[in-house]
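Student: Chain by chain, the residues:
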Amino acid sequence: QKEVEQNSGPLSVPEGAIASLNCTYSDRGSQSFFWYRQYSGKSPELIMFIYSNGDKEDGRFTAQLNKASQYVSLLIRDSQPSDSATYLCAVTLGNTGFQKLVFGTGTRLLVSP
Amino acid sequence: DGGITQSPKYLFRKEGQNVTLSCEQNLNHDAMYWYRQDPGQGLRLIYYSQIVNDFQKGDIAEGYSVSREKKESFPLTVTSAQKNPTAFYLCASSIEVPLAGGWTSTDTQYFGPGTRLTVL
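Line by line, the protein sequences are chains A and W. Each residue of the first sequence is one higher than the one before, counting from 1 in this note's numbering. Each residue of the second sequence is one higher than the one before, counting from 1001 in this note's numbering.
No lab work stands behind these hints, which were simulated from the structure alone. On a predicted model such as this, the values are computed, not experimentally measured, just so you know. Please note: incorrect hints may appear among the correct ones.
What the hints assert, rightly or not - Which stretches of chain A does chain W cover? Using the computed rule of at least three CB atoms under 8 Å from a CB of chain W, they are: (1) 26-35; (2) 43-52.
Unchecked claim - Subject to a maximum C-alpha distance of 30 Å in a straight line, what follows is the list of computed DSS-like cross-link-like pairs (lysine-lysine): (3) A:Lys2 x W:Lys1083; (4) A:Lys42 x W:Lys1014; (5) A:Lys2 x W:Lys1014; (6) W:Lys1070 x W:Lys1009.
Glycine residues also receive a C-beta, built at the ideal position from the N, C-alpha and C atoms.
Bound-form chain A, shown alone (with noise of 0.2 Å):
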């Protein structure tokens, strides 16, 4: 089992419409779940951080992490087709007394106008 794993994708939608982008991982000892956005040829950018059980919403993007289920996700409302990006979920893993960052191969989203 991949420690973070996410659908490759693509995920396509309309324009409007709202996108769910799923990860799950593998070490019940995470603490911090992140999602970037990449646009292709370029480095990833920092959409949302989120490190305890529940929703958090900030503008268009909801994050919403289960521990117990060991599942992350990001909602994207109202989706633009400036949100066709490839999107990482990041999971802080780590045995050796510093957690690092584990990067899923991310899911590739298409919204269509």
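Mind docking chain W on chain A? Use the hints.
Tutor: Just chain W now, kept in the frame of chain A:
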């Protein structure tokens, strides 16, 4: 403006050459990281450093070397021992946060713009 810079943006290497990628940050972060990204793949950790003059191997350190002589700088050398170096290289930095039991964890990592290395 605070941020992370990487240079060069594009780099071409001949077989058997060593090349060094630069990474500088002015965010006053203690921890710095190097990742490699291959097409359609996630980021894989090469090396990281939590403090000046100390660094640790990541998951794919073979064929790479680093130094951390200054807090602001964390250069990566891709040696001739790296058999498949063509990739997108990303540098990041973060603060560390304390956890229970004396552990620490990376906090949000901020990325530089990346260096695209191609072997000719």
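Student: Does each hint fit the structure? Answer for all of them.
Tutor: Hints, verified against the model:
no.: 1; hint: 26-35; verdict: holds (count 3)
no.: 2; hint: 43-52; verdict: holds (count 5)
no.: 3; hint: A:Lys2 x W:Lys1083; verdict: holds (25 Å)
no.: 4; hint: A:Lys42 x W:Lys1014; verdict: holds (24 Å)
no.: 5; hint: A:Lys2 x W:Lys1014; verdict: violated (34 Å)
no.: 6; hint: W:Lys1070 x W:Lys1009; verdict: holds (22 Å)
Hint 5 from the list above is the single one not met by this structure.
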